[in-house]
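Here the protein sequences line up with chains B and C, keeping their order.
Just so you know, the working numbering puts 82 at position 82 of the first sequence, and the rest follows in order with no gaps.
One gets the working numbering by counting positions in the second sequence from 1 and adding 371 to each.
Heads up, some of the hints might be wrong.
To be verified - DSSO-like, lysine-lysine: derived pairs with alpha carbons at most 30 Å apart:
no.	chain 1	residue 1	chain 2	residue 2
1	B	371	B	158
2	B	237	B	158
3	B	237	C	521
4	C	464	C	521
5	C	521	B	158
6	B	371	B	237
I should point out that these hints are in silico values taken from the structure, not numbers from a laboratory.
Chain by chain, the residues:
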Amino acid sequence: MYRYPTPAVRPCQLILAVAMAAGLASCADDIGPVIGIAMGGIDQALLPARQKRFNDSVGIRHTVQLRLMLPNTYAEDNGGLAWANELVTTPGIVGVVGHEGSRLALQAAPIYRQRGIVQIVPTGTSSQLATVSPWTFPLVASDTMQGQLLARHLLDRKRTRITLFVQDDEYGRGIAGALERGLAGSNAVVLEKVSNTPDSDFDLLVRSVLSHVPAPDALVLITQGPLAASIAELSWKRDPTLLILGADATSTGASALRLLAPAPDLAVLATYWVPDTTNVAEQAFLRDFRESEIGGEPQWYHAAMYDAVGMLNAAAASEGNSPTGVRAWLRSLGRTRPSYQGVLGSIDFTGAHPIPARLVRPTATGWELVK
Amino acid sequence: MSGASATPLATPGESKARSARTLRRTLFTATLLMVSYGLALPSLVLWRLQPAAQTLEDETTATTSAFSALREQNRVFQSVVSIARALDEQTGKISAAERQVLEDTVRHLRDAPRANYNDIGAPMRPAFADLIGLTDDFVAMLDEGVRAHKLGEDSTFHDRMERALNTGPRISAALEEAQLQGLADLLARQQRVREANQTLLFWTAGWLALGAFVVWYLAYLARQRLIQPLELLERGLTQLSAGDLEARIPESQDELGRLASVFNRASDVLRRRAEEQGRFAAAGQLLADVAHEVNNPLMAILGTAEASLASDDMKLESRADLELIRDQAFRAGQLLSGLLRFVRVGDEPAQIVDLSAVVARAIDLVAYQFPLHSIECVTQFAPDAKPVRAAATRLEQVMVNLLTNAVQAMATISGRRQIEVRVFQHEGWSCVAVCDIGPGVSSAIRERLFQPFSTTKGDRGTGLGLYICRRIAREAGGDLQYTDARPGARFLLTLPSCEPAIPTPVLHSREITINNIGQLAGLNILVVDDENGVRTAIARYLRRSGAIVREASHGRDALIQVAAERPDVVLLDLRMPVMDGYAFMAEVQKSQPWLAPRVLVLSGDLAAGHSDNPPVPPARMMAKPVVLQDLVRRLKEVADANAARTR
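So here's chain B without its partners, still in its complex pose (with noise of 0.2 Å):
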């Protein structure tokens, strides 16, 4: 049975918690302030060449360690609690980069609340996640806003037959609906929403719904990048007219996209991270990138992660292992504080999702922005 933190002491347990909290205040200023990666994935491999430059650089007040969780004990955890509740005791943690996806954050998000550890969320877009807790910081716009910028595009391109391919989860259900709610009113319709899993039989699925009367002229990915390049190959065969534009999520598999593109306009994208090489804090990143041994391009997920770290490192440095002057740091950004120069542009929490999403189409080299 799950026994929840009881605030039931005796008064000789009250002095004995006082006297150890004093002594572990006491060791943590020594420990120093730990921030918790909450990641999983092969990912987390960008961040410790990272955090060594980071702690070496002139001027830093506190050196910050970094907890990353191990991907092999992510298939173990039941939503994310065990990680949560494991960083939540390390000592010194002050904030936690994680957990991949809406619906792990959200889960994890209240045992965070408890403690008062900041939580940044660098990937996850439900709405949800900015009232979950006051110490959670969504990075990226929400499902929300991706939905109606998905939709606004769609009537830009005047196309009335929608389909829909939606990964079956909070972050599906909230693009999609907030998709609907976009072409509300308009002419244009969605033929179906077609519910797909990695187990899903996608050859099946394309053609049950190209052979829907009257035909979709645009479909809409919103699911995991290689599903949603299987999708896209599979349409494109039977109907290399269509319009496909994917969520955010079909960003690992963008350059299959672009690749299978009948042309370029058929395909759009949206993401939170148009590369700029001006940009010096992109220019660091992608040297780390390259160095890490994560392989392939980046995404704007490893931005979001890469910045996400970036913050907590430098309210850290400053604050040290309180947690409540984190928490406060991170507050003050573009209020007291200039917001956060990263990757994904300027950061601060002034609003509920700092970071918007765009949408961008292939071209010979890349992907460019959709004006």
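Chain C: place on chain B using the hints.
Below, chain C alone, put in the same frame as chain B:
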């Protein structure tokens, strides 16, 4: 001075050992304690129970909602499974309508309400997540089956149905697990509330025990800091009121301690004053005794001089000398009478008195000091000054006090020294102004000039004089005020005027005429006085007035002579050996009452009577020294009155 022994209520060491905390701080601390105590328990309840209750309330709603969703999801899931199984097992072709039923049910399952992750308890989330993931897979599989059937791919349809149905038991297990987790979560929260409740009970019991201790401590504090000092103060005041002027109470440094300090100082002052008053009383008694002793020779001198003056064959030069002797003796007698009157101020009733006469008598009393200090005393008595209703001797005391102060003020300056006494009428008030040209009263003293124990004379002054003077003035309905005279001081006594009940006696110089020969002719007068000089002089004068005079040297002798021959009038001294005047009168009253109204008392100290002595009517009392002509007149009046009674 009280003869009671000193009763120290605490040693000085104990007083010093007392806490330096003030009573105000103690009361503030006690109040703070009580308020803190009162607020702590509600705060404790809020702190211990409220979070548990709040969590229970918040998450129970979410859990109830989640259970409702689970129930609905389970119901739809069972329905979908039934339909899917039926269609999968159907041997014939599945119609579009049958497929539509499945499609609708699947949509229903997909759109069924799901638990909100934000609100449900953390332990429930993994089970719910599993359930949702499995359900999503189940729905996706069925959706694929439906789509395959639409495309006419029956084998794919059956494949998807079977795969979906194979997921069914896992979903059922997940549903069951989610429900179990929900129940466990509720039980955990119930346990938490129970623990919070137990903790609260523990704290409440402890708090009440602490409260009992606090109450005991506050009571102890109140006893130590309030009740005990007040009891000591009460005991000290009781002792003081009982006449024990040496009563002292322990002093501490709080407010009650300061009060005790004031009490002790007041007790000291009262004791010193009592000692001084004791000395004053002894001096007064001594003065009375001396006055009596001096009055007799004065009376003898005066009587002899008057008797000699009554002789026709005296030379003019000798007559002038005798007159000088007589006048000075009379003046000395008057002075002594005034002194006796002054030192024996009692409960004299208020009566209509001539203010000017009172002032004049007071001036007479202190006049001897004027030449000593080269002081010029200027008096001014307005003829229209009306009498006042007051005790004359007390008014005289006020005036003597004011004049004495003025004389003492004059003694401190050099050069011209003058005191001005003015009696005047102002509207309905009879006023006396006493002005001097001394240094006046400093501003520091002026505000408390009429307060008790306020003196400018250091150890020489009691500090009560002006306080008593003002009190006497106010008891008479008037007031005594001070104003700066620049230079000097000016005291103004104002008293409400009243109409004279009797014609105001006019002050006059005493003219003694000797024309009383034969006035007492035939009267048998017995003169009883132990002073031979007095008795002889009076007897001689009375005989010249035609009286038959017999003499007795004390009361017993007088009784013998009365028994031998009845006198018309007995002239009786009071202080005598063998039998004094009072005993004589008592005996007369008892054995020969007819003689009582015929007794005329002539004594040097009329005020020295005792309460158990028989009263003597004022009409039959005369004070030594007396002008013999007045004595003759009074004797005649007494004789005539008794002659009329006899008739």
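Tested hints:
Taking the CA atoms of residue 371 of chain B and residue 158 of chain B, the gap is near 16 Å; set against the 30 Å cutoff, the hint holds. Between residue 237 of chain B and residue 158 of chain B, the direct Cα distance comes to roughly 22 Å. Compliance with the 30 Å bound is thereby established for this hinted pair. Distance check on the hinted pair: residue 237 of chain B and residue 521 of chain C sit about 21 Å apart at the alpha-carbon level, within 30 Å; holds. For the suggested pair residue 464 of chain C and residue 521 of chain C, the alpha carbons sit about 12 Å apart, so the restraint of at most 30 Å is met.
This hinted pair checks out: residue 521 of chain C and residue 158 of chain B have alpha carbons roughly 29 Å apart, not beyond 30 Å. For the suggested pair residue 371 of chain B and residue 237 of chain B, the alpha carbons sit about 28 Å apart, so the restraint of at most 30 Å is met.
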